[in-house]
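Below, each chain spelled out in residue letters.
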Amino acid sequence: MTSLTAKDKNTIKAFWAKISPNAAAIGADALGRMLVVYPQTKTYFSHWKDLSPGSAPVKKHGATVMGGVADAVTKIDNMTSGLLNLSELHAFTLRVDPANFKILAHNILVVFAIRLPNDFTPEVHVAVDKFLAALARALSEKYR
Amino acid sequence: MVEWTEKERAIITSIFSNLDYDDVGPKALSRCLIVYPWTQRYFAGFGNLYNAEAIKTNPNIQAHGTKVLHGLDRAVKNMDNIKATYAELSVLHSEKLHVDPDNFKLLADCLTIVIAAKMGSGFTPEIQATFQKFLAVVVSALGRQYH
Numbered sequence: 001m002t003s004l005t006a007k008d009k010n011t012i013k014a015f016w017a018k019i020s021p022n023a024a025a026i027g028a029d030a031l032g033r034m035l036v037v038y039p040q041t042k043t044y045f046s047h048w049k050d051l052s053p054g055s056a057p058v059k060k061h062g063a064t065v066m067g068g069v070a071d072a073v074t075k076i077d078n079m080t081s082g083l084l085n086l087s088e089l090h091a092f093t094l095r096v097d098p099a100n101f102k103i104l105a106h107n108i109l110v111v112f113a114i115r116l117p118n119d120f121t122p123e124v125h126v127a128v129d130k131f132l133a134a135l136a137r138a139l140s141e142k143y144r
Numbered sequence: 001m002v003e004w005t006e007k008e009r010a011i012i013t014s015i016f017s018n019l020d021y022d023d024v025g026p027k028a029l030s031r032c033l034i035v036y037p038w039t040q041r042y043f044a045g046f047g048n049l050y051n052a053e054a055i056k057t058n059p060n061i062q063a064h065g066t067k068v069l070h071g072l073d074r075a076v077k078n079m080d081n082i083k084a085t086y087a088e089l090s091v092l093h094s095e096k097l098h099v100d101p102d103n104f105k106l107l108a109d110c111l112t113i114v115i116a117a118k119m120g121s122g123f124t125p126e127i128q129a130t131f132q133k134f135l136a137v138v139v140s141a142l143g144r145q146y147h
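The listed protein sequences correspond, in order, to chains Z and S. Anchor point for the first sequence: position 89 equals 89 in the UniProt record's numbering, and the numbering is continuous, going up by one each time. Anchor point for the second sequence: position 41 equals 41 in the UniProt record's numbering, and the numbering is continuous, going up by one each time.
Chain Z on its own, in the form it takes in the complex:
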């Protein structure tokens, strides 16, 4: 897979500026959707009381996850080294199967389309898709 071009990075930063005020809500929506549309992902949250969209644990965790994505945007020039700690967390503690990164990414894109239908153009879509794929690769770095 290709790495991010300068144009991609500018597109991502510009789009991120538009969504960052609502990052927590976006994360909550994406996570909630993922748990409904891809029920197999619920296996990682068996310790939660309520996995429904809009529930307290979903809202809180959605915000956490989106905070990680925001962090990745600031480290977009070297995500592999910048996200080393997060990679170790996912590899050794959380042990999330990396296939799920793609699933969550898809749901983040759906929420972007819902909230910013005019800004989430195909050109922005491809840049963001590449970014989330690169982010997933950086998170998978320490797995094996």
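Please note that a few of the clues may not be correct.
Unchecked claim - Below, computed lysine-lysine pairings styled on DSBU-like, alpha-carbon distance capped at 35 Å:
{"no.": "1", "chain 1": "Z", "residue 1": "K102", "chain 2": "S", "residue 2": "K7"}
{"no.": "2", "chain 1": "Z", "residue 1": "K59", "chain 2": "Z", "residue 2": "K130"}
{"no.": "3", "chain 1": "Z", "residue 1": "K9", "chain 2": "S", "residue 2": "K105"}
{"no.": "4", "chain 1": "Z", "residue 1": "K130", "chain 2": "S", "residue 2": "K118"}
{"no.": "5", "chain 1": "Z", "residue 1": "K7", "chain 2": "S", "residue 2": "K118"}
{"no.": "6", "chain 1": "Z", "residue 1": "K9", "chain 2": "Z", "residue 2": "K130"}
{"no.": "7", "chain 1": "Z", "residue 1": "K142", "chain 2": "S", "residue 2": "K133"}
{"no.": "8", "chain 1": "Z", "residue 1": "K130", "chain 2": "S", "residue 2": "K67"}
{"no.": "9", "chain 1": "S", "residue 1": "K77", "chain 2": "Z", "residue 2": "K42"}
{"no.": "10", "chain 1": "S", "residue 1": "K118", "chain 2": "S", "residue 2": "K133"}
{"no.": "11", "chain 1": "Z", "residue 1": "K59", "chain 2": "S", "residue 2": "K67"}
{"no.": "12", "chain 1": "S", "residue 1": "K133", "chain 2": "Z", "residue 2": "K60"}
{"no.": "13", "chain 1": "S", "residue 1": "K96", "chain 2": "Z", "residue 2": "K42"}
{"no.": "14", "chain 1": "Z", "residue 1": "K59", "chain 2": "S", "residue 2": "K133"}
{"no.": "15", "chain 1": "S", "residue 1": "K105", "chain 2": "Z", "residue 2": "K7"}
{"no.": "16", "chain 1": "Z", "residue 1": "K59", "chain 2": "S", "residue 2": "K105"}
{"no.": "17", "chain 1": "S", "residue 1": "K133", "chain 2": "Z", "residue 2": "K18"}
{"no.": "18", "chain 1": "Z", "residue 1": "K42", "chain 2": "S", "residue 2": "K105"}
{"no.": "19", "chain 1": "Z", "residue 1": "K102", "chain 2": "Z", "residue 2": "K13"}
{"no.": "20", "chain 1": "Z", "residue 1": "K130", "chain 2": "S", "residue 2": "K133"}
{"no.": "21", "chain 1": "S", "residue 1": "K118", "chain 2": "Z", "residue 2": "K59"}
{"no.": "22", "chain 1": "Z", "residue 1": "K102", "chain 2": "S", "residue 2": "K56"}
{"no.": "23", "chain 1": "Z", "residue 1": "K42", "chain 2": "S", "residue 2": "K83"}
{"no.": "24", "chain 1": "S", "residue 1": "K7", "chain 2": "Z", "residue 2": "K13"}
{"no.": "25", "chain 1": "S", "residue 1": "K105", "chain 2": "Z", "residue 2": "K49"}
To be verified - A partial selection of chain S residues facing chain Z, derived with a Cβ cut-off under 7 Å:
{"no.": "26", "residue": "V35"}
{"no.": "27", "residue": "A52"}
{"no.": "28", "residue": "I113"}
{"no.": "29", "residue": "G120"}
{"no.": "30", "residue": "F123"}
{"no.": "31", "residue": "A129"}
To be verified - If you only want the chain Z side, here are some residues facing chain S, beta carbon under 10 Å, derived:
{"no.": "32", "residue": "V36"}
{"no.": "33", "residue": "P39"}
{"no.": "34", "residue": "R115"}
{"no.": "35", "residue": "P122"}
{"no.": "36", "residue": "E123"}
{"no.": "37", "residue": "V126"}
{"no.": "38", "residue": "D129"}
Source of the hints: derived by calculation from the structure; they are not laboratory data. Computed from a predicted model, the values in this text were never measured in an experiment. The beta-carbon is built from N, C-alpha and C at its ideal position, and this holds for glycine as well.
Given the coordinates of chain Z, work out where chain S should sit on it, guided by the hints.
For chain S alone, kept in the frame of chain Z given last:
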């Protein structure tokens, strides 16, 4: 056999009866060609696909997007037998068009994004789940006759 609840049938029928095929079809196909550029390999004879703008305004792509979307009508009308309904189309995509069936999922994802943009908050998690279930069945049926 795929099981559909009454609610799921209603959701799918509703989405398609409110659909502007001439808008959504072209948008979904052009988005697919832009986001997953390797899919352009199947459209070599369609004219100018050099950049996003060219793809979005290409009349051949627009016409084809509408055609592909109408192809889903058959599934909507035959939800209890999508596999048989698409047997012939599956053979066509395999034998004549030589489309890698992995690409069907890419187009399905782009269609989901376009529908989400249109419906906004009306595209609830439940509706998204039903729509994606429907597309997954279609995608599976289209890949069924490959050998």
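Each hint tested on the structure:
1. Z:K102 x S:K7: OK: Z:K102 and S:K7 at ~28 Å, within 35 Å.
2. Z:K59 x Z:K130: 26 Å, holds
3. Z:K9 x S:K105: 26 Å, holds
4. Z:K130 x S:K118: Holds, because 23 Å separates the two Cα atoms, which is no more than 35 Å.
5. Z:K7 x S:K118: 27 Å, holds
6. Z:K9 x Z:K130: 10 Å, holds
7. Z:K142 x S:K133: Roughly 33 Å between the alpha carbons, so the hint for Z:K142 and S:K133 holds.
8. Z:K130 x S:K67: 29 Å, holds
9. S:K77 x Z:K42: 33 Å, holds
10. S:K118 x S:K133: With a Cα-Cα distance of about 19 Å, the restraint between S:K118 and S:K133 holds, given a limit of 35 Å.
11. Z:K59 x S:K67: Judged against 35 Å, a Cα distance of about 40 Å means the pair is violated.
12. S:K133 x Z:K60: The hint holds at about 28 Å.
13. S:K96 x Z:K42: 41 Å, violated
14. Z:K59 x S:K133: Answer holds: Z:K59 to S:K133 is near 25 Å, not above 35 Å.
15. S:K105 x Z:K7: 27 Å, holds
16. Z:K59 x S:K105: Holds, at about 29 Å.
17. S:K133 x Z:K18: Answer holds: S:K133 to Z:K18 is near 31 Å, not above 35 Å.
18. Z:K42 x S:K105: 23 Å, holds
19. Z:K102 x Z:K13: 21 Å, holds
20. Z:K130 x S:K133: 25 Å, holds
21. S:K118 x Z:K59: OK: S:K118 and Z:K59 at ~25 Å, within 35 Å.
22. Z:K102 x S:K56: Roughly 26 Å separates the two Cα atoms, so the pair holds.
23. Z:K42 x S:K83: 29 Å, holds
24. S:K7 x Z:K13: 40 Å, violated
25. S:K105 x Z:K49: With Cα atoms ~33 Å apart, S:K105 and Z:K49 stay inside 35 Å; holds.
26. V35: It holds, given that the least Cβ distance between S:V35 and chain Z is near 4 Å, below 7 Å.
27. A52: This interface hint holds because 5 Å falls under the 7 Å limit.
28. I113: Interface hint status for S:I113: holds (5 Å vs cutoff 7 Å).
29. G120: 6 Å, holds
30. F123: 6 Å, holds
31. A129: 4 Å, holds
32. V36: With Cβ-Cβ at 4 Å, under 10 Å, it holds.
33. P39: 9 Å, holds
34. R115: Since the shortest Cβ distance to chain S is 8 Å, the answer is holds.
35. P122: 4 Å, holds
36. E123: OK, holds: Z:E123 within 10 Å of chain S, min 5 Å.
37. V126: Hint holds; Z:V126 Cβ to chain S Cβ min 4 Å, cut 10 Å.
38. D129: Check passed: Cβ of Z:D129 comes within 6 Å of chain S, closer than 10 Å.
Violated hints for the displayed structure, listed by number in ascending order: 11, 13 and 24.
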